[in-house]
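Undergrad: Listed below, chain by chain, are the residues.
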Amino acid sequence: MLLQVNNVSKSYAGAQSSICAVNNVSLQISKGEFVAVQGPSGCGKSTLLLIAGALLKPDSGVVLVDGQDPYALNPDTRAGFRARTIGFVFQQFHLVPYLSVLDNVLAPALAVPGNAAETRDRALQLIERFGLSDRSQHVPAKLSTGERQRAAMARALLNQPKLILADEPTGNLDHQNADALLGYLAEFAIGGGTVLLVTHDDRAVAHAKRVIHLQHGEVAEPIVS
Amino acid sequence: MTVWRLAVREILHRKLSFLMGVISVTTAVACLVGAQTLLRADRVITGHLLEQKQTEVEQSIAAKESVVKQAGADLEDAMRKHMLGLGFNILILPKEQSRSELLLNGMTATMPESYVDKLGQSNIVTVNHLLPSVTRRVLWPEQNREVILIGTRGEVPIQHRALKKPLLEEVAEGKMVIGHEIQKELELKVGDTVTFQKQEFTISAVHPERGSTDDVTIWMNLRQAQELLGMQNLINAILALECDCAGDRISAIRAEIEAILPGTQVIEKYSQALARAEARSKAKESAESALEQEKKSGQATLLREKLGRDQLEQQHTGFAAVLVPLVLAGSAVTIFLLALANARQRTEEIGILRAVGLKSQQIILVFLSKATLIGCAGALLGIGLGFWIGWGLGGLSGTGLAWQQLFATGNLLQTIVAAPVLAIALTGIASWVPALLAAQQDPAVVLQGG
Ligand SMILES: Nc1ncnc2c1ncn2[C@@H]1O[C@H](COP(=O)(O)OP(=O)(O)OP(=O)(O)O)[C@@H](O)[C@H]1O
Ligand SMILES: [Mg+2]
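Here the protein sequences come in this chain order: A and B. Here the first sequence is numbered in our numbering, starting from 1 and rising by one per residue. Here the second sequence is numbered in our numbering, starting from 1001 and rising by one per residue.
Hint data in this document are derived by calculation from the structure and do not stem from the laboratory. A hint or two may mislead.
Said to hold, decoys possible - When the alpha-carbon atoms are kept at most 16 angstroms apart in a straight line, the in silico EDC-like pairs for lysine to aspartate or glutamate are as follows: (1) A:31 with A:187; (2) B:1295 with B:1442; (3) A:57 with B:1442; (4) B:1359 with A:187; (5) A:162 with A:59; (6) B:1118 with B:1258.
What the hints assert, rightly or not - Restraint ranges, calculated between C-beta atoms of paired labels, are given here: (7) B:1433 with A:137: 33 to 43 angstroms; (8) B:1019 with A:160: 48 to 58 angstroms; (9) B:1333 with A:190: 55 to 65 angstroms.
Glycine included, C-beta positions come from ideal geometry on N, C-alpha and C.
The task is simple: from the sequences and hints, build the whole structure.
TA: In structure tokens, the structure reads:
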């Protein structure tokens, strides 16, 4: 099991009462699996993803990523663990606005000490693979949305993570770009990586090996495609 | 990709925020360095001005001193000259010469001319120059007027003394020296020939007006005068010139002379030279007191200048003591607020960087790198600006003084060397809290926004 989420709950403090975003959710994803989480808006998909991505500590329950409970680590060690193990792709891309594509792709390397030249080669390879070679010195503002998402994808892959967590990565893309991105994710899974994709895009489901339905912060019924 | 590069990229992206940080550091450093430069400039200019004033005062004193010296020399010279012209201090006369007779009718008694030689060969010490003479009020028949005729032989040397430069030249035979009145009335001039009792004389000198019997006197060679008067080998008096006979010494002179020449008497003559010498002495005294005054006023000027400068320096020091800490504090607050605003501005990117795995120290480092850059840039600009302002305000530009003099003494150099350290410390400390806040930011909050 690469990702294990056991009886995880998370509620946010609201204006009057607390909002239960994720309620007693459990799921297991093996290495090389491509899993999609689907559900209506506000059902707690993003919250679940952040919990699984070692970014949001649940109120209760246990998360194991590659056999490690990230929330047992101190914040800096957890950050290092995250950098080495998990790659993120977001709907808003979340690229650093003043860094070039190459620098953005290289940013996760800051968290993982390594050979600078090798890392750079790897970054250039990724950039080439995502068709951004002639854009590598451009800042995000000068890129198309598809190019931005590809740059984010390249960044997620730089540290050769075992798990990719993607939150609505196709939400801002047209069909063509969305398909391409889903293709890359599928490719990553085929290469032995694990993908947890949060979406309400039905096309994403076509690429997923397994779809989990989430409703009101709870798992509805697992559907095996 | 390094933290440093991240900081530089961010600075280039948000130039205004960086610029404002740099400006506030520049202000603080410029204020500090400017104040120090100004205070140093004050010091240097003060030193320079006081030196200048000192020189002026010294020059003025030297000028006054030379006046005093000149007055002294004049006095000495005048003593000599007037003694030569008018003065003799004592008159050696035959014992039988009555004083009343002398004052009423001039010299009437005679003594042998050999007396003067006797005196000259003696060991006399109280008098210097000896001048034998015959004096008689006579009629100048050719001109039909009365004159005083004086026959002189010139100085008789005192043998045991080293030969002195004679005060009086002998009147040569066939020559005549005349007084002012005679010259005026007879319209004579040097070189003219006159006849006196059938003998021819050439005028060799004319004395200026002296306001005494000298003005109606003619001088000729002793020998010729003795012949004309039928007084061969006789004289009326011996003048002793330049005798050191002030005060009680006259009695010593009398004793000495009467011992050598028993048949004589010595009378003291008050000479006009003495009066003149007194006047000169007064002049010398007043020159001396002027010198004293100059010295005093010079000191006063120096003191006044120094007090004025001290006051100015104190004003500047007091001003700097208030302004510098105030501006430093203001800059620190500004930098703090700028860093805080910057941290808020960077919420998203910091969330992203935290999400991709950067440690909190790395986030702090990004902020401190920026702070260091702001500090360095601000310090360099501030040093330049501060030095320029201090230089200008200090008024050094007009004095022709070199800037190197500011570093010759004092601690301006230390201030300038310490300024970047201080600036970096200032920005570092002011950025510290915002950096900590940024580093502790929860990345999830940012990412949820998407
Ligand atoms: N930081 C927060 N503070 C308070 N409530 C929150 C916070 N984040 C999310 N929520 C609430 O928790 C619930 C689940 O939110 P979440 O973002 O996980 O839903 P989602 O399934 O990702 O929705 P969407 O499809 O619209 O992205 C929502 O009701 C949301 O309003
Ligand atoms: Mg969501």
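Undergrad: Now tell me if each hint is right for this structure.
TA: Taking the hints in turn, this is what the structure says about them:
1. A:31 with A:187: Between residue 31 of chain A and residue 187 of chain A the Cα gap is close to 14 angstroms, so the pair holds against 16 angstroms.
2. B:1295 with B:1442: Given pair residue 1295 of chain B, residue 1442 of chain B is violated - Cα atoms ~81 angstroms apart, limit 16 angstroms.
3. A:57 with B:1442: 11 angstroms, holds
4. B:1359 with A:187: Since the Cα atoms of residue 1359 of chain B and residue 187 of chain A sit roughly 30 angstroms apart, the hinted pair is violated (cutoff 16 angstroms).
5. A:162 with A:59: Answer violated: residue 162 of chain A to residue 59 of chain A is near 25 angstroms, above 16 angstroms.
6. B:1118 with B:1258: 12 angstroms, holds
7. B:1433 with A:137: 33 to 43 angstroms: 35 angstroms, holds
8. B:1019 with A:160: 48 to 58 angstroms: 41 angstroms, violated
9. B:1333 with A:190: 55 to 65 angstroms: Cβ of residue 1333 of chain B to Cβ of residue 190 of chain A: about 58 angstroms, so the range 55 to 65 angstroms holds.
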